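Participant: Let the hints inform the model, and build the full structure from the sequences given.
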Amino acid sequence: MGQLRAFKDLIIDWEMTPEDAVAIYLEWGNNGYRGGYQYAVKGKEDHSHYFVVNTWDDKPIVTLLYRNSDGADELAVLPLPEKLADKFMKGVYNHKGIYPVNADVKQWLESELYN
Numbered sequence: 507m508g509q510l511r512a513f514k515d516l517i518i519d520w521e522m523t524p525e526d527a528v529a530i531y532l533e534w535g536n537n538g539y540r541g542g543y544q545y546a547v548k549g550k551e552d553h554s555h556y557f558v559v560n561t562w563d564d565k566p567i568v569t570l571l572y573r574n575s576d577g578a579d580e581l582a583v584l585p586l587p588e589k590l591a592d593k594f595m596k597g598v599y600n601h602k603g604i605y606p607v608n609a610d611v612k613q614w615l616e617s618e619l620y621n
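The sequence shown: position 81 = 587 (the numbering used here), numbered continuously.
Since the hints were derived computationally from the structure, they do not count as laboratory data.
Any given hint might turn out to be false.
Here are the computed distance ranges between Cβ atoms for each label pair [stated by the list, open to error]:
1. D610 x E525: 12 to 22 Å
2. E551 x K514: 20 to 30 Å
3. L516 x D576: 10 to 20 Å
A quick note: this is a predicted structure, and the numbers were derived from the prediction, not measured.
Every residue gets a Cβ at the ideal spot worked out from N, C-alpha and C, and that includes glycine.
Facilitator: Take a look at the structure:
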């Protein structure tokens, strides 16, 4: 899976959720919607790198995204290992959607990025 190692020098925002990304980058600073982020986008040069888990297909995938106010670019797409995918799907009650990474997925991603 070494494709993630190419991105090891990026600053990953492990706290970014899909909802946060929409509020911060697409709604230009609607950062008080859940008492969370205190970061406000000032321009197109503001950006984040973060991961999401996509469960819309048969098998969950993890995507590394670059986002600014112009949109998002997929930098890497990886299938979750089967055991981790099964556990993740149980955690979201087998619902389809786009989710933030949980602790187990983060641990796996960190090992893929940095080891």
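Participant: I want to verify a distance hint. Is the separation of the beta carbons of E551 and K514 within 20 to 30 Å?
Facilitator: For E551 and K514 the Cβ distance comes to about 23 Å; the hint holds.
Participant: State, for the Cβ atoms of L516 and D576, whether the hinted interval 10 to 20 Å holds or is violated.
Facilitator: holds (18 Å)
Participant: Regarding D610 and E525, is the given constraint of 12 to 22 Å on their beta-carbon distance met?
Facilitator: This hint holds: roughly 20 Å between Cβ atoms.
Checked against the numbered hints above, the structure breaks none of them.
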